[in-house]
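Below, each chain spelled out in residue letters.
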Amino acid sequence: MAMNEDKGTAAGAKLSGADAMNDARLRAARKRLEESRDQEDAIEGLREIAATFLGSEEIGLFRVDGDAASFEVIGSFGIDPGEYNLLHVIDKQGLERLMRGECHIEFGTRDRLGAADKAQAFIPIRRANQTMAILAVLRLLPQKIAFDKSDMELFKLLSDEAALPLFGGSGHSKTEIDESGIRA
Amino acid sequence: MTKKILVVDDSKTALMMEREILEKRTSYQCVTACDGQEAVEKAQLERPDLVLMDVVMPRMNGFEACKIMRQQVGTRETPIVLVTTRGEESYIEAGFQSGCNDYITKPVDGAELVALVESYLGK
Numbered sequence: 001m002a003m004n005e006d007k008g009t010a011a012g013a014k015l016s017g018a019d020a021m022n023d024a025r026l027r028a029a030r031k032r033l034e035e036s037r038d039q040e041d042a043i044e045g046l047r048e049i050a051a052t053f054l055g056s057e058e059i060g061l062f063r064v065d066g067d068a069a070s071f072e073v074i075g076s077f078g079i080d081p082g083e084y085n086l087l088h089v090i091d092k093q094g095l096e097r098l099m100r101g102e103c104h105i106e107f108g109t110r111d112r113l114g115a116a117d118k119a120q121a122f123i124p125i126r127r128a129n130q131t132m133a134i135l136a137v138l139r140l141l142p143q144k145i146a147f148d149k150s151d152m153e154l155f156k157l158l159s160d161e162a163a164l165p166l167f168g169g170s171g172h173s174k175t176e177i178d179e180s181g182i183r184a
Numbered sequence: 185m186t187k188k189i190l191v192v193d194d195s196k197t198a199l200m201m202e203r204e205i206l207e208k209r210t211s212y213q214c215v216t217a218c219d220g221q222e223a224v225e226k227a228q229l230e231r232p233d234l235v236l237m238d239v240v241m242p243r244m245n246g247f248e249a250c251k252i253m254r255q256q257v258g259t260r261e262t263p264i265v266l267v268t269t270r271g272e273e274s275y276i277e278a279g280f281q282s283g284c285n286d287y288i289t290k291p292v293d294g295a296e297l298v299a300l301v302e303s304y305l306g307k
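One line per chain: the protein sequences are A and B, in this order. Heads up, the first sequence is in the numbering used here, so the first residue is 1 and it goes up one at a time. Heads up, the second sequence is in the numbering used here, so the first residue is 185 and it goes up one at a time.
Pulled out of the complex, with its shape left as it was, chain A reads as follows (with noise of 0.2 Å):
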């Protein structure tokens, strides 16, 4: 079935219904990082979108450390932050990934009925060439079946937009990065 997404405009009416909603869900998202009024909000704002959008209530903001040697928790919700450590999660080559900017993402397996038992994703929050931060999204409730082609739209935005909320102008300059992004 096909909907208007701007009554009544031709652009409007080439889009598919599917393409709408997720035009409104990117919207939305973008609006919500833009109108973070600092940083707690910002990771408010990263929560919500998680719970609305992914269907996750776990997830670890991980500041990058000048060399990617370590990662600072700046916000996290529904895991013990104490607990969590990125790098024993994560392989060198996933990370790695994660340092040259792409997302990285683990579909789990899948029962019988095709719901994803460990879907993870890890995000990397952008600015100016550099990884600043990792999202991860931990877990997915169980009536999200799985990753989908609409949330790659989404890691993307996030992974190109929400450093400026998050960080504001000041954020971290990294010094000694190899060039894969990772110190040996």
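Just so you know, these hints were derived from the structure itself, not from any lab. This one's a predicted model, so the numbers in the text were calculated from it and none came from an experiment. Beta carbons: idealized from backbone N, C-alpha and C, even for Gly. Treat each hint with caution, since some may be false.
[Claimed, not checked] Calculated lysine-lysine pairs in the DSSO-like style (CA-CA distance at most 27 Å, straight line):
{"no.": "1", "chain 1": "B", "residue 1": "K208", "chain 2": "B", "residue 2": "K226"}
{"no.": "2", "chain 1": "B", "residue 1": "K196", "chain 2": "B", "residue 2": "K226"}
{"no.": "3", "chain 1": "A", "residue 1": "K149", "chain 2": "B", "residue 2": "K196"}
{"no.": "4", "chain 1": "B", "residue 1": "K196", "chain 2": "A", "residue 2": "K31"}
{"no.": "5", "chain 1": "B", "residue 1": "K226", "chain 2": "B", "residue 2": "K188"}
{"no.": "6", "chain 1": "A", "residue 1": "K31", "chain 2": "B", "residue 2": "K226"}
{"no.": "7", "chain 1": "B", "residue 1": "K188", "chain 2": "B", "residue 2": "K251"}
{"no.": "8", "chain 1": "B", "residue 1": "K188", "chain 2": "A", "residue 2": "K31"}
{"no.": "9", "chain 1": "A", "residue 1": "K156", "chain 2": "B", "residue 2": "K208"}
{"no.": "10", "chain 1": "A", "residue 1": "K149", "chain 2": "B", "residue 2": "K208"}
[What the hints assert, rightly or not] Here are a few chain A residues that sit away from chain B, every Cβ distance over 12 Å (derived from the structure):
{"no.": "11", "residue": "A28"}
{"no.": "12", "residue": "D65"}
{"no.": "13", "residue": "G168"}
With chain A fixed as given, assemble chain B onto it according to the hints.
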């Protein structure tokens, strides 16, 4: 006359998303509240044709707000749809016990939301 939906959620993101979908994809007007207490007050003031309400909220949760709305003359018959991350049977049962008409789980599917609302209010 334009039909009115009261959208209630403590998540600004959920409010933005639901409002965006309902106002762009239907002809209904939306008003919002950010917790159960405000929802009860706005429901009396605005007399919505339908209430779309989150469950887990500060000050007053969706179950409590639903029970109060069912006791008040102006909202006794108003359709109430609860929206939540919790999909367990016992939770859904508690929702119906509180007087809701329907129940949908997050993440909300936009098309499903529109279809559900239209099933109560017409197109």
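Checked hints:
1. B:K208 with B:K226: holds (22 Å)
2. B:K196 with B:K226: Holds. K196 (chain B) to K226 (chain B) sits at ~17 Å (cutoff 27 Å).
3. A:K149 with B:K196: Roughly 24 Å between the alpha carbons, so the hint for K149 (chain A) and K196 (chain B) holds.
4. B:K196 with A:K31: holds (10 Å)
5. B:K226 with B:K188: This hinted pair holds, its Cα atoms lying about 12 Å apart.
6. A:K31 with B:K226: holds (25 Å)
7. B:K188 with B:K251: Holds, at about 20 Å.
8. B:K188 with A:K31: holds (24 Å)
9. A:K156 with B:K208: The given pair, whose Cα atoms are some 24 Å apart, holds under the 27 Å limit.
10. A:K149 with B:K208: holds (23 Å)
11. A28: For A28 (chain A), whose nearest Cβ neighbour in chain B is about 4 Å away, the distance does not exceed 12 Å, so it is violated.
12. D65: holds (29 Å)
13. G168: At roughly 19 Å from the nearest Cβ of chain B, G168 (chain A) sits farther out than 12 Å, so the non-interface label holds.
Hint compliance for this structure: hint 11 is the single one not met.
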